[in-house]
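**Student:** Next come the chains, spelled out residue by residue.
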Amino acid sequence: MKARVHVMLKNGVLDPQGEAVRHALGAMGFDGVNGVRQGKVIELDLADGATEADVTAMCEKLLANTVIESYSVEMA
Amino acid sequence: MRAAVVVFPGSNCDRDLAVAFKAAGADVQMVWHKDSDLPDGIDIVGIPGGFSYGDYLRCGAIAANSPICRSVAAHAKRGGYVMGICNGFQVLTETGLLPGALLRNAGLKYICKTVGLKVETSQSDYTNGYNAGDVIDIPIAHHDGNYFADAETIARLQGEDRVAFTYTDNPNGAQADIAGILSENRRVLGMMPHPERAADAGHGGTDGQALFRALAGALASA
Chain B
1 MKARVHVMLK NGVLDPQGEA VRHALGAMGF DGVNGVRQGK VIELDLADGA TEADVTAMCE
61 KLLANTVIES YSVEMA
Chain V
1 MRAAVVVFPG SNCDRDLAVA FKAAGADVQM VWHKDSDLPD GIDIVGIPGG FSYGDYLRCG
61 AIAANSPICR SVAAHAKRGG YVMGICNGFQ VLTETGLLPG ALLRNAGLKY ICKTVGLKVE
121 TSQSDYTNGY NAGDVIDIPI AHHDGNYFAD AETIARLQGE DRVAFTYTDN PNGAQADIAG
181 ILSENRRVLG MMPHPERAAD AGHGGTDGQA LFRALAGALA SA
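Protein sequences, first through last, are from chains B and V.
Quick note on my numbering: the first sequence kicks off at 1 and runs consecutively.
Quick note on my numbering: the second sequence kicks off at 1 and runs consecutively.
Chain B with its partners taken away, still in its complex shape (with noise of 0.2 Å):
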């Protein structure tokens, strides 16, 4: 089975890359992008049996920090 994890910085945490990759899209001529946030993704191939409990104790103790990153979890 898989899982797959979202990571992204929490709002109200400066994103300079993808401040960085908003500016660029402007530069290009890409009008009307009010902003970019650049995150993660993370696939996970589990033993059947692994529950999304498991995948969100893997994501607090090291998948995602969470004093700057929040996370989601798609079982799949």
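Everything labelled a hint here was simulated from the structure, so no lab data went into it.
Note that CB positions come from ideal geometry on N, CA and C, so glycine has one too.
The reader is advised that the hints may include incorrect statements.
Simulated restraints on C-beta separations [as the list claims (entries may be wrong)]:
1. Gly10/V <-> Gln38/B: 21 to 27 Å
2. Asp169/V <-> Gly35/B: 26 to 32 Å
3. Gly205/V <-> Gly39/B: 36 to 42 Å
Add chain V to chain B, keeping to what the hints say.
**Tutor:** Using the frame of chain B, we list chain V on its own:
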């Protein structure tokens, strides 16, 4: 003073840090990241700069979960001294031994230059060789040195006199110009600038020497 310097795959300031400890009179042992125990009788653990585990996932995140770091955390909880420089500071925030996190520099560029640091407190065994308010020249070399913590944490650090150093001219966007902070018991120091690169006349500056000497003085009598 008996010092241990942790070596991760990708550490590149480990030998510089060992040389600076030795110059201050320390007996230094290098400790490999896969070791699960620190050598007996260690007073201070140095976590050096570099790119531990290639900075994969987040700077310091994988190092913070390495076998040796469990022993380093236990050492700190027993009241032992731990000093993390640059990547070492990132590791210490990832372990939770120090609050906050280090984000990508606000200007997105890797910055390698000597900067002015203001000594914010002389009330620690790291900084009592300086006077509060002194401005010292210390090199920085980092891409992710932008110190972040929530407003409450910043206020607490300032209120408890735990900001060790601030930048005189903020190079990376760090909140409250913070370059280095202390733990609650003032025995864990994390800082982005590299005092070990300003510890010998051959480096072009010796403003970092006082830090290692102060530490050696405090730990000689310990």
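**Student:** Using the Cβ atoms, figure out if Gly205/V sits within 36 to 42 Å of Gly39/B.
**Tutor:** With a Cβ separation near 40 Å, Gly205/V and Gly39/B satisfy 36 to 42 Å, so the hint holds.
**Student:** Is the gap between the beta carbons of Asp169/V and Gly35/B within 26 to 32 Å?
**Tutor:** 29 Å, holds
**Student:** Can the suggested window of 21 to 27 Å be confirmed for the beta-carbon pair Gly10/V and Gln38/B?
**Tutor:** Holds - the Cβ-Cβ distance for Gly10/V and Gln38/B, about 24 Å, lies within 21 to 27 Å.
When held up to the earlier numbered hints, the structure conflicts with none and fits them all.
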